[in-house]
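Residue numbers (this note's numbering), protein chains in the order written: chain B, 1 to 172; chain H, 1001 to 1759.
Keep in mind that the hints are not guaranteed to be accurate.
[What the hints assert, rightly or not] Simulated crosslink set (EDC-like; lysine to aspartate or glutamate; CA at most 16 Å straight-line):
1. LYS1054(H) - GLU23(B)
2. LYS1054(H) - GLU53(B)
3. LYS1054(H) - GLU40(B)
Calculated directly from the structure, the hints in this document are not laboratory data.
Bear in mind that the values here come from a model prediction, so they are computed numbers and not experimental data.
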Amino acid sequence: MLDAAIVRAAKQGDRESFAQVYEYFAPELYRTALFTLGNETDAQDAVSETFLEAYKGIRNLRDENSIRRWMLTILSARCKRHIADYIRQRKTTDIDEMTDLSAPPSAEPNADCISAREALDTLAPDERQIVVLSAVMGYKTREIAEMLELPHGTVSSKLYRSLKKLRVILES
Amino acid sequence: MADWKQNNFMYGDPRETFTDEDAAAEFARISEQLRAEAERIELPDALRAEEMIKLLDGVVPGETKPVPVVNLRREYAKWIAVAACFVLVITGFARMVARQNAAYIAETASSSAAALAAPAAAAAGEVDDDPAEAANEKGLAEACVLNAQNDGDLRTAESYTEIYTMLTALVEREKMEYGVAAEEDAVVFDGEAKSRAEAPMAPVVTNSAAAAGDVGAGYTSTNVQVEGVDEADILKTDGEYLYHFRTDLSTGKGKVEIVRAADLTHCAAIDLPELRRGELYLAGDRLIVAADCSWDTDAAQDTVGRLTGIRQNDEVVVPDWYERDVRKETSAGLFIYDIGDRTAPRRIATFKQSGRIVSSRLSKDVLYLVSNQWVDPWYITGDTDAASVFPSVSSGGEAAFVPAGDIYLPAALRGSANYCIVTAYNIRSAEASTRAVLGSVDTIMMTGDTLLLASAIYDEAGVGTGITRFAVGGGDLLQYRSSGRVPGRIDNQFSLDVNDGLLRVATTDYSGSEPESGVYVYDEGMKLIGSVGGIAPGERIYSVRFLDDTAYVVTFRETDPLFAIDLSDPRNPTVLGQLKIPGFSEYLHPAGEGLLIGVGQNTRANAWGGVIADGLKLALFDVSDPGDPKEITSVLIGNAGSYTEVLENHKAFLWDGQNGRFGFPATVCRVYGATADNPWGTQTSVTFDGYLVYSFDDKEFTRIGELASESGDDPFSPIADATIRRAAVIGDTIYTAAENGMTAWSYGDFAKRETLRYS
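Chain H extracted, bound-state conformation (with noise of 0.2 Å):
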């Protein structure tokens, strides 16, 4: 391993005089004499509770009401007055459970598929009967619980009714355990269930004219996980042009700025005051804006408030302080503007759909813009806007909420009311199809023909992810699959890959006493194939990449072990070789032939925090022979308070292959001065805060360009807006961006040609 020591930027080491020993007891004593005065400190007489709670009643006048509780006996009761959709719903159940769920928990289905057998299939035989006997509601809630280990398919809605329902028993599944409160009427929707449409005619998508990540066309694209699939970022290029979303801190308000690249000139800015912040996606002479909103008031709001037929109750008392107004929730916006005239950009569409942005991605076209809108409890046991409960989507400031039958509800009710929301939005025809699945989305990874959307779950069988897989890139621009869920959580998207068709997913189990981290390979019908486990018990995942048949994972405690796992056989996933090294890798990129490049932070263990950061580390590792991973070399970069956003975000790395370099945003600190007399003598400083550009081989990184943020009086207090945060280079030339301009440098010897500021 080559001595890191020698191969340092700004690395300084600051043990040299003093042990970590001694800081650790001197941190322990100032935290004693603290911590001794805070316990000295009385609570005031007015911060006592029985005061406190005099605030809440000022708000609710007289008692406050028991929360209500909609009873589901009563709602079986009226399900019974529309018994079309009543008997289709328990037909519907006693279908899911016939269906075969995952094997690998085969033993826990078997047992939970009786369960639910039992109630639902004598409800199926007795529809003229109160069905409230048949499945009673401890049985739903039971079934429900039981096969929260499975998820077996997702089946669309009958009717908002049905969705409500289960949006009720979600939130009332743990209100059951304490008693239930006082009956009150139920809400009931008699809107019309919309069946599902025909798949909507396929536009005809043309490939984008500008093509993405393509070296060859001589200038760098946007760092993605999947080649073809395009993910959105604040700074794109079509080699002729840069455009960037950007955030005027002095107004805090959001604008895209358009630059010609040739000679750094401004073409034309684009306001979105509400918006503050935006990424961008480049096709050809369109350019996309997506980002949080909120509902316009001339979206036609009232038809949003209210479908037909849709009675509320008004009996329910809502505190006053909860009440909110829908439009201004939050949306997930797309804003479409055509360029051709870059000059004058003008926005020809825009779409919204209800949540908040998780991620999108673009491919040949169709945007797949993901949202999650989180259902308030309050609104679902006693609603005021139907709007709050149901997603609902606006296109050209026409909104209509998205019909039930293109809702999706899982057989097990699990984790807190949301909805999961997916469009698939041709950006040339305006064709827009939305599904939404009950359930919430944290996570999305997407190739040409596959949309994965996983989130967190937190159930009785511990902590696992949930994924559910839709079909895309075909005639039917969104085409449900499947869904299950997986043992323990996932680290970001690039936890999940698909390959021929089978889902691998990289995940740490953090249900034991200890947390350990697997590899799991699935079929389309998310039925488990192979998996291996036990991977670096006690620590967990902290990146992953995916290589064809190899996938890499680095898990971390102390030490940095980087796994190569064979996937060649799905059936047998087999841990080929780990390295153990310092320091750990967030992000790990492909350098082709064998090698590996990780961008992370050096750490060294403390003994008053545990393991602490010391500086960035960039790590070079031959892989060519999995079995076998080697760190052939590695940088360190600054010391503790060193950062960089590609620990974070992905796309801040800029990768140019072709010519064996790529670049970062970077602060670097450095922390010198302490000695055994005075332990805490240490300074920390930042030393460079800017864009480095670093070109690699198959044995070395060498630091080809410090391209410096621009600063003020104090060197080392760099501006906040002038802080670069991406690069990207055209032909000979690297553009970086701040919030307050661009510059341009020279890609041969870095120096500066010209600086544009934004007005």
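Okay, chain B solo, but in the shape it has when bound (with noise of 0.2 Å):
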């Protein structure tokens, strides 16, 4: 349990407390990363982006108990800028092109369950960040909503359409 008087203190200018409380949450965060991003190298920037801009914006923060949630969004902020490069080097503006709908599932059912993050790859960067803030997360998608700056209703049909793929790939 993070003590509300360290993300105080955090709060105050604190580097012992600040660490602290990176500490507590960056296991979470590098997760999150990892599963939207879905390679390590980016999901490390993410991560040390997201240190550096908590900590300067700390004093912002409004209520000690939103911490995780503001963490994460700063965190979400930063996977989108990558995630928008992904988008820029396929040249592809179009994210329903990054899937294909309509695509059987993998002909080649494995023995073993596949992994969910390789699930998870066949889904567009987009698609993936709030699949990973619902379901690993557990936020509901009226404050997904909020923390990536979507109308609520974008976010429920992707959810929608992402766990449903989903599931066809894990049942294979």
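Since each chain comes alone in its own frame, lean on the hints to assemble the complex.
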């Protein structure tokens, strides 16, 4: 449990306390980034960017109890930047082109269960981000919409679509 | 209640052959698998805290200095040198304490007043002694905290030093709990405090040439909360021309497009490359753009940088990644154009004030601009630029600080350091009157004679809403009246109302074990005169509409009760009736003769997400008998994923009461295809994106117009900048506006007439 007093001290600028706060959330931040972005290098970048942004901005934190969500919001914004880079690199503007809705599930079913990460990799990055925040981090779609600055409806429909795809793949 | 399943627009029931429990189980399984894998992932060494901290080392050389703290004891000692100011301050506090506090918390008031009176009164009598003993720093801080319950009245500041000290105390109040760090020389401002000038000469105000909201004029206007008080929006019309603020999505830059309605020809475009989200006002031959912008480098930056005689403390270390260039700071701007010649608009005035726009209003040729300026605490404890710490304005490029005498200070320090800045700007004469209040603002509400500034307050008493009240529209453009704290949080501007001088507000109080709502009535001095609480425990307010003597409140957790509250006796508000229906209304619109239209979402309970939205919902309520509100009929539109901007912004709602019609932009999604074997077989697709027009009477809604946004090759993937956002009706034509152009449609059969693409 992270003590609210430590968060408060971090807000005042105490580096020791901030280090404790970071340490508490670092594993979660890294896992979220890794599942969302799909590779370790970018995930590490996203986490260290989040570290700096959080340090600079923690004075703005209004309510100590929302520190987790606040940090994940910063992380999500950093991940969004990386996702934007992926899209630019692939020279694609339409997310739908990146995933083939009509394609049949993978032709070779594995004897072992396919790993969840591999399943996530078949999704588009923005879908991954929403799935991770929902299924792994446990946020409601309304909260995710606020964190990612997207309309609630968009988040809901993307989540439905993504979970459907995941199930198909995980079952095969 | 009408059977909504028959009354649907692309509504499918995805639950048909599988249960919500199955879906929940699936989700849980996927979650578990993902989580189990996530747990096994180790944090790489490079991301460990010990390593990450080194990133900060590289920025601040050597050992980090503890954050400098202004020691209030020292501050008082320095004030002795400026004895005159100091005495005024202390007696000011004493005077403040003596003022009557709001009645409904009289018990707390008397105890806190007593606590305040002792140190302050003692200090008042001992001007020459070290007042640090009498009003020691702890006493002052405590007094400020104790008084958090009741604002009392605001008073104007006597000097910038006083404001600066209050800002510092605000930041330091929390630090004191953790022990004071190294003492540093405090920053002292010797700048002159200009006392409040006499009320400015009232400029001659004439009513706007264009009648706003007058349907008799044959065209629609922005859906505003209070008739006669205009609100800014991206689309405006005067019945002849359409004015559209849009963002060119390919460049990210803002533009105003002026289009002649009759033949949909493009008259002129105003490039505003630095603005991304602007809104417009129209007043005769004046067009005003209100938007966040940055201070120009040509706004005589040097005059904003320093006040005469202010000394800065050069010894405080501010980490270099914290440097800020005030020139790049966001400010709230008004850009005024003369559009006498619609083909050649010319900018005639510019006005800016610090902070980000919260909202604005236009009433009788005076534009009220409200912004919120956040003061970075770093600049309170060690400053390089006074412009970061005090509010400033700039008119026509000439900048100046808001005089200390025009800045109001609260009795109680609360929240983080923000200024709420209000300017009353006469768009004909360019006379401006600015006031600032130390405290934040996130919502405003204005009638013809009253402006309310509201903000959430988080303090020892829980969550409340601070309200500051100004009188407007009189000879004195802007006059402070009162301020106070209301329990609970408001939903949006519709939670506030002024009727016969009385303030009525509906809030949800989250401070208990479960939320509950209430309606409160205050007089002009923010004294509570009546209230009704305990409404809908466990739920929160989703929409409110005050209509004369009745307040309609929608709360929601799983079903949507619509409450009618009688306010005819302000001392005794009473809940008259309630109606429970699934779904909830985010926006309520009075539709005349005992009718209320609700725009919101349909919902259904879902084991995995709680309650989920399942499409948009329009509801028609019969409130002719407020004791027994009834739902006459409702219409469901689409399934989960469906959306309309009206859910968040009432200005997206188009009202044509005279013709019994209304409209709104919508994206409609359908969810279908689930079966028991394959609960995840649901597909979601966008089945409609564009603008919907409905007609209504006292029995039903009829969908009469479906105006589709332009789409590309894939009908399910609307082009982002072709999404219709607003519409306006002029005569027998309805015009829809998207970021990339406008389209004219017949208002009779809704056939498309012509399209104009912006270049």
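Hints, verified against the model:
A C-alpha spacing of about 14 Å is found between LYS1054(H) and GLU23(B), which places the hinted pair at or below 16 Å, so the restraint holds. Between LYS1054(H) and GLU53(B) the CA atoms are separated by roughly 15 Å; this keeps the pair inside 16 Å, and the hint holds. A threshold of 16 Å between alpha carbons decides the hint, and for LYS1054(H) with GLU40(B) the separation of about 21 Å lies outside it, so the pair is violated.
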